[in-house]
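Fit chain B to the given chain A structure using the hints.
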Amino acid sequence: MISAPKPDLVTVNIDGREIAVPKGTNVIEAAKLLGVEIPHYCYHPKLTVAGNCRMCLIEMGLPAVDPATKAPIMDPATGKQRVNWMPRPQIGCGTNASPGLHIRTNSPLVKDCREGVTEMLLINHPLDCPICDQAGECMLQEHSTAYGRGYSRFVEQKNVKPKKTELGPRVTLDDERCILCSRCIRFSKEIAKDDVLGFIDRGSYSTLTCYPGRKLENNYSLNTVDICPVGALTSTDFRFKMRVWFLKETPGIDPESSVGANTTVSSREGVLYRITPRRNDEVNDTWMTDSGRALYKSVKAGNRLLTPTINGAATGADMALKAVRDLFTAGSVAVVGSGRSSVEEQFLTRKLADALKVSVSLVSRVGEGDQLLLSADRNPNVRGALVTGLISALPARKLTALAADIDAGKVKTVLTVGEDLTAAGLSAAQLAKVSVIYLGTHSNATSEAAKVVFPTLTVFEKSGTFVNQQFRIQKFAKAVPGPADVSDDLITLAELVAAAGGGIIPFELGALWAAIAAEVKPLATVTYANLPATGLLLDATPWAALPFIEGETLHYQPAGPAGATA
Amino acid sequence: MPYVVERKPLTLSERLYFPQILAGMRVTLRHLFAKNVTMEYPEQRPAIPAGYRGVPTLVMDPNGREKCVSCQLCEFVCPPKAIRITPGEIPADQPDHAHVEKGPKTFDIDMLRCIYCGLCQEVCPEEAIFLQNQYSMTGYTRAEMVNDKAKLYELGGTLPDAHFKWDKKKTAAEHGNAH
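Note that the protein sequences, when read in sequence, are chains A and B. Taking the numbering used here, I'd label the letters of the first sequence as residues 129 to 694. Taking the numbering used here, I'd label the letters of the second sequence as residues 5 to 183.
Bound conformation, chain A alone (with noise of 0.2 Å):
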């Protein structure tokens, strides 16, 4: 792991050219900076240094001194400290920063050794592209075009090994195509904190394996398939599914807890293939779970609903549209709203609340955190209901307060976004006394007793923003067009607000952020289009004193007791 970085500066000196790095960079990242790439496999900026690969072999030097009196050498011929070259090239991922360090990426010997390199790694290399489901996306393919020598030498029979392990559930294993560069073993015990993963055998038998009875089952298994530099890890979900470079990549957040992990959704002509994770340092680092990674086949599940529909018929939006405004008009609605809702979708159901001038309850999710990427606090955006004023307090797990108000018959009309009312503790028997709207995409108990059904999108049919546990607010795109009949969520909440009488309030992502900026403090200076690919930390203070419940994550500490409860 690089360590963080400290204000002392040296200058190194690689191809010629200076630059001022924190001492103990890396070479392969100080190169980076430069622009200038160093080749290499069993090198990751989020892993420990393990150096057996030998693909970023460079060129270092260090300015003379005179032994006996520690003073500069000079060159008489430029005037400047003459520098020793050693004889045989180094590592760059072993080489870190020291002052004066000189590096040469490219000269004839790193050159060769890059040829030889690359010859050593293709010789039991079984060069089965046109299958591997890494071709497009391969560090080995790469390389081997861009240092490699062109031709093969190679007339001897390649080695015969396992074409398809399964290491666990989630992760197959073609051993023919495996480098050694070892990513995997030390993600595992690194990362993941699950060491199962070895080499066992000498030589060109070496093998990757799990340790004997044990898999590799853990909830980040699938990220041993994204850093390995080949295809010897492949997804079995994945596997011949499609090639990558028919992959549109959208960016998106994991809407699985309160980590907010960033994402990359892939997808060919708007159907959704894999997901993977999109390297954010303040957050995910280059990790997600593997639960994570499944949730793009909810999509296309059976259960979804796909129209609008009054009393389980099939309608238009425009039907459904005045049966609601019917049932507002009436009066005694309450309105749940959702932390899984984009802070949009949230601002939009306050506005509602507003005009029907109730309030707001939410439904808190709790599971089990792991400390690394999936948090205690289930609900992606319960941070974003508060900056957008939706809710003041946290969400209790269950709706005991609504419960007593539909028992006192306080309440006709219960409007829902998203939430099943059921799992919130409402029995059948309450929400047989009351009209159900119900805004959600797949249907369950709450849907089938509802009296009106919109459709709404999932989240990788929608634009919009995620707040964090950090108070970071994290922005996700449409990766894929939704079903024909269900329009989007922002335009359903928006035509529910104006049935409420709250006005026209704009659906379109940059005009509503005026409407945002405008009223939510917090977000002043928001705009969906200027928030970086990184995220946006907002100000937390204001609900500091708030007991969430989160246990620590890979970048974030609970600042009080450490899994406080609710």
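Don't read these hints as lab results, they were simulated from the structure. Treat the hints loosely; a few may be bogus.
[Unchecked claim] Simulated pairs of lysine to any residue, SDA-like, Cα-Cα distance not exceeding 25 Å:
no., chain 1, residue 1, chain 2, residue 2
1, A, Lys369, B, Glu131
2, B, Lys169, A, Cys257
3, B, Lys85, A, Asn287
4, A, Lys286, B, His179
5, B, Lys173, A, Phe368
6, A, Lys369, B, Tyr157
7, B, Lys172, A, Ser280
8, A, Lys425, A, Thr550
9, A, Lys321, A, Gly296
10, A, Lys292, B, Thr175
11, B, Lys153, A, Arg396
12, B, Lys173, A, Ser363
13, B, Lys169, A, Thr293
14, A, Lys286, B, Arg69
15, A, Lys425, B, Arg88
16, A, Lys292, B, Asp97
17, B, Lys109, A, Lys286
18, B, Lys172, A, Gly331
19, A, Lys291, B, His179
20, B, Lys109, A, Val372
21, A, Lys425, B, Gly92
22, B, Lys109, A, Asn287
23, B, Lys85, A, Leu375
24, B, Lys172, A, Asn287
What follows is chain B alone, placed relative to chain A:
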């Protein structure tokens, strides 16, 4: 600007009329006995020169096995996006497909879109797709003009293959530096 066509006065032979008729008859008579330049299509078919780019087809290796591994490079390179492939996995327990692992589940070429450019043949790393001699594709509906996998293999047949890649893989698995 009007363009004035100059009318040349007729020569003597033209004015006499008959020499012109006879000259015309001479051309007609010459073609009556000359070799035909047309043929009775479709009963007669022209000889197709080597390297002709006809309808793209899928071919099998001499062992009757599918060569395509659905790498989808042809789908990627196809300029009019005529090719559409759904990749699939070949179960490892099929004895004649040892080490192949992957093959196309469906393979469609829309001949209404195809421009016969031959890039698919050029890009194919497995030498599985060839533009062969067939040049005439007709149909009554749009659906008929989409060649599916079965049709493509029917059109393609078997071509000689010098590589026998899968045989080599199998031999390597049996006799190579096995673990």
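Taking the hints in turn, this is what the structure says about them:
1. Distance hint between Lys369 of chain A and Glu131 of chain B is fulfilled; the C-alpha atoms sit about 22 Å from each other, no more than 25 Å.
2. Under the criterion of a C-alpha separation no larger than 25 Å, the hint pairing Lys169 of chain B with Cys257 of chain A is consistent with the structure, at around 14 Å.
3. A distance of roughly 39 Å separates the Cα atoms of Lys85 of chain B and Asn287 of chain A; the hinted pair therefore is violated under the 25 Å criterion.
4. A C-alpha spacing of about 11 Å is found between Lys286 of chain A and His179 of chain B, which places the hinted pair at or below 25 Å, so the restraint holds.
5. Among the hinted pairs, Lys173 of chain B with Phe368 of chain A is consistent with the structure: their alpha-carbon atoms are about 20 Å apart, no more than 25 Å.
6. With a C-alpha separation of about 23 Å, the suggested pair Lys369 of chain A and Tyr157 of chain B falls inside the 25 Å cut-off, and the hint holds.
7. Using a Cα cut-off of 25 Å, the hinted pair Lys172 of chain B and Ser280 of chain A holds, with the two alpha carbons roughly 18 Å apart.
8. Note on Lys425 of chain A and Thr550 of chain A: the hinted pairing holds, with a Cα-Cα distance of about 24 Å set against a maximum of 25 Å.
9. The straight-line distance between the Cα atoms of Lys321 of chain A and Gly296 of chain A is roughly 16 Å, inside the 25 Å bound, and the hint therefore holds.
10. For a cut-off of 25 Å, the pair hint linking Lys292 of chain A to Thr175 of chain B stands: about 18 Å separates their Cα positions.
11. Pair hint Lys153 of chain B plus Arg396 of chain A holds up; C-alpha atoms about 22 Å apart against a cutoff of 25 Å.
12. The straight-line distance between the Cα atoms of Lys173 of chain B and Ser363 of chain A is roughly 24 Å, inside the 25 Å bound, and the hint therefore holds.
13. Simply put, Lys169 of chain B and Thr293 of chain A have alpha-carbon atoms about 23 Å apart, close enough for the 25 Å limit, and the pair holds.
14. Distance hint between Lys286 of chain A and Arg69 of chain B is fulfilled; the C-alpha atoms sit about 24 Å from each other, no more than 25 Å.
15. A distance of roughly 23 Å separates the Cα atoms of Lys425 of chain A and Arg88 of chain B; the hinted pair therefore holds under the 25 Å criterion.
16. With a C-alpha separation of about 12 Å, the suggested pair Lys292 of chain A and Asp97 of chain B falls inside the 25 Å cut-off, and the hint holds.
17. Note on Lys109 of chain B and Lys286 of chain A: the hinted pairing is violated, with a Cα-Cα distance of about 30 Å set against a maximum of 25 Å.
18. For the proposed pair Lys172 of chain B and Gly331 of chain A, the alpha carbon gap of about 24 Å is at most 25 Å, so the pair holds.
19. In summary, the hint linking Lys291 of chain A to His179 of chain B is supported, as the alpha carbons are separated by about 16 Å, within the 25 Å threshold.
20. Our distance criterion of 25 Å between C-alpha atoms is met by Lys109 of chain B and Val372 of chain A, whose separation comes to about 18 Å.
21. Distance check on the hinted pair: Lys425 of chain A and Gly92 of chain B sit about 19 Å apart at the alpha-carbon level, within 25 Å; holds.
22. Our distance criterion of 25 Å between C-alpha atoms is broken by Lys109 of chain B and Asn287 of chain A, whose separation comes to about 30 Å.
23. A hinted pair counts as satisfied when its Cα atoms are at most 25 Å apart, and Lys85 of chain B with Leu375 of chain A qualifies at roughly 15 Å.
24. This hinted pair checks out: Lys172 of chain B and Asn287 of chain A have alpha carbons roughly 13 Å apart, not beyond 25 Å.
The structure fails hints 3, 17 and 22 (numbered hints given earlier, in ascending order).
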